[in-house]
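Chains as they are written, first to last, in my numbering: chain A, 656 to 914; chain B, 562 to 990.
Take these hints with a grain of salt, some might be off.
[Unchecked claim] One side of the interface only, derived from the structure: several residues of chain B facing chain A at Cβ under 7 Å: (1) S793; (2) Q797; (3) T798; (4) G801; (5) T805; (6) A863; (7) L866; (8) V868; (9) S871; (10) S875.
[What the hints assert, rightly or not] If you only want the chain A side, here are some residues facing chain B, beta carbon under 7 Å, derived: (11) A722; (12) D734; (13) I735; (14) A737; (15) S739; (16) R746; (17) T903.
FYI, nobody ran anything at the bench for these hints, they're computed from the structure. Fair warning: this is a prediction, and the values are worked out from it, not measured in the lab. Built from N, CA and C at the ideal position, the CB exists for glycine as well.
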Amino acid sequence: MKTIETKLAPKFTCRGVSVHYGEFRALHDIDIDIADRSVTALIGPSGCGKSTLLRVFNRMNETIPDARTRGTVLMDGTDIYAPSIDPVLLRTRVGMVFQKPAPFPRSVYDNVAYGPRLHGLAQARGELKRLVEKSLRRAGLWEEVKDRLSLPAPSLSIGQQQRLVLARALAIDPDVILMDEPASSLDPIATARLEALIEELKKRYCIIIVTHSMAQAARISDKTAFLHKGALIEYDQTDRIFTNPSDTRTQDYITGRFG
Amino acid sequence: MSATETYSDTPIKAAITTAAMEARMRKRRAAERRFRVYGQAAVAFSIAALAWLLISIVSTGASAFTQHWVTLDLTVTAQTNASPNDRRRLADALADVFGEVSDEASRRELLQVISASVATADLRAAQNLSEPLQLIVPASDLTDQYLKGHIDPNLPEDQRKITNRQIEWIAALDAEGRVHRRFNRGLFANPDSRDPERAGLASAIFGSIMIVLIASALALPVGIGAAIYLDSFAPQTGWGGRLTRMLEVNINNLAAVPSIVFGLLGLAVFINFFGLPRSIPLVGGLVLALRMFPTIVIASRASLLAVPVSLTDSALSLGASRMQAVFNHRVPLAAPGMMTGSIIGMAQALGETAPLLMIGMVAFVTTVPSSPMDPATALPVQIFLWSGSAEAAWAERASAAIISLLVVLMFINGIAIILRERLQRRRKL
C-alpha cells in the first residue's frame, strides 16, 4: 500500500495496528496517517472494523473486556499506547460522539458542564457558564436551548441530543473529535445541520468520522479510508476514492455491488 | 362473535378472506380469549386467597387490640393483711366485692376472673395503706374471651371453660359498671408472659428492630459494594473472569439455600466458635445479614445491568475515570432498583423464622431488651410461640401479632416505594 503524502505533520500515525477481541481479529496490521484540521471518513461494510479503528484513537477499545491492541499509534509524535500515557488523560484530548446520542439523564447545562467539572476547567464563577455557552454555540445548539438549559437532556429531540453530546465533547476542549456514525439516527434535515457543523468544526479540530453513507463521506470528508474484513484496502483523497478508486473492492463497494 | 361479523360484513374483507384463513383466525382469537380467561382466573384466585388469609387473621386477631379491665374497690383490713399467702389475701380482700369465699376451690374459681398475678402484685405494693384501695387490673383471659363473645354461655357448664358462678360474678361486676374495654396497650408495651392478658410483643418488636438494623447495616454496604464491583470492576477475562463468573453463580446459589442452613451456620460459627450467647439480637442480625446478602447482590446486579453501557462509555470518552463513570452515571440510575432489592431483603429478614429458631431466639423472654446483647425474641418467632399454646386468648394474640408484623412490613415497603419514586423522579428531573 502506498504511503500518503501530507504537507503538515499528521495528527495520528498508525503503524501495524491490530486489534483482537478474544480470538477474533477485528483489525489487521493497519498503517494510516490522519491529517489535522481535516475530516477523515472511515467507510466499509458492517463488521469491517471501522468502528474498532475509530476507537483505537481514544483507547476506548480498552473498555471492552477482552480487546487487545497491538502496534504503534502516535498522536503528535507521542505513542498513546505507551505505559506512561493514562487513557483518561488521552480522552480529554480526543473527544468522541457515539452512534446513538447518550445524554446523561440530567439537565442540558449539567450535560455540557460534566466534562469541565470533571477536569476543573472552569475555576472562576461564571467561567463555567461561558464555557457551556461557547460549547453549545460551536455545536450549533445554543439558540435552540438557551432558554431551556435546566430542562432534562433526554427531552430534547434526537437531532438536538446528538448536537448536545457533541457540545459535551467540545466542552473539554479536545484536539480531535471521533464520530461513530453520528447521523445514523437523524432525519435528513438534522443530518444536513450536522454536516454543516462538521464543515465548520474542521477549521479547529481533527475530525475522524465513521459513516455508512457514502454520499455523506463524499460530501464532508477530505480523505476517505475504505476498510474491508479488518484490513485497510484503500486510503486516499475523497474525490479520488469516489471517482477513480485503485482497488476493485473499493469500486464494488462504492458502486453498491456489495456491503 | 361481533368482530367476525363485521369482518365478513365488509365486502373488501370478504373478498380477501378465504374460509381457511377465517378458520385460522377464529382459532387464534379463541386461543387469545382462553388465555385472557386463564389470566383473569389466576388473578381472581390470588385475590381470593389473599382476602381469605387477611379476613381470617383480622377476624381472629382484631379483638386482641382491645382488652377488658376491671376496677375493684378493696378494703385491706389488718386481718387480711396478716395472711401469709398472697392469693389468699387477695381473695379475702375481694370478699367485699364478690361476697365471702371460703374454700380453696371457690377461691381458685374467683381468682380466675381477674388477672390474679397483676392484682396480687398491686396488692403487695399497696399493703400498708389503711384507707380503701382501688385496683384497676386486667380481666383474666377467660373473662376477656367471655366478654368478647368468644365463649358460648348457652353450652352446658361442663363443656365450656367458664363456670356459671364466674358468669354471675362477671355479670355483677359489669352491672356495677366496673368493667371497661380499652385499647390494649400492653400488647405493644409488655414483654412475653405466662398469662395471656399480660403478654405483649415489646421484646419481639425491639428484637426484630435490632435484628433488621444489624442485618441491614452489615448486608447493605457489603452487598451493594459487591454488586458494583462485580458489575464494573471485577476482571471479565482469563482466570480472573472465570473466578468472577464462578463467584456470581455461587452468590445466586446462596440465595436458594434453605434459610435454616444459615441458622446452623450461625450456631456453629457465632455461638460455638466465637462464643456469643444464645438468643441475642446480635447473632440474629449476623445470621440474617448472611441471608439478605445474596438477595441484595442479585437485585443490585440486575438493576446495574439494566443501565445502558452508552452512558458509562460517554463518561469515559469525556475523560472520566472508571470510578467516576460508574459512580456518576451507572450507580445513580441503578439506585432505585438497588433500593427495592434491599427493601425486599429487609422484609425477608423481618419475616425469617427458621434460622432464628436455630440460634435460640425461640426462648421465653420476659424482659424488654435494651441492647443487642440482651436476650430477645423476634416477631415471627413470637407468633410461632403463641400459636403453639392452647387457650383461645393465645390464638387471638398470635393473630394480632401477625397483623402487627404485616403492618410493619407494609410500612417498610411503603417507605421503599416512596423512596424509589422520589429517586426516579429526581433522575428524570
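Practice task
Please flag the earlier hints that this structure goes against, numbers listed from lowest up.
Solution key: 1, 4, 5, 6, 7, 8, 11, 12, 13, 14, 15, 17
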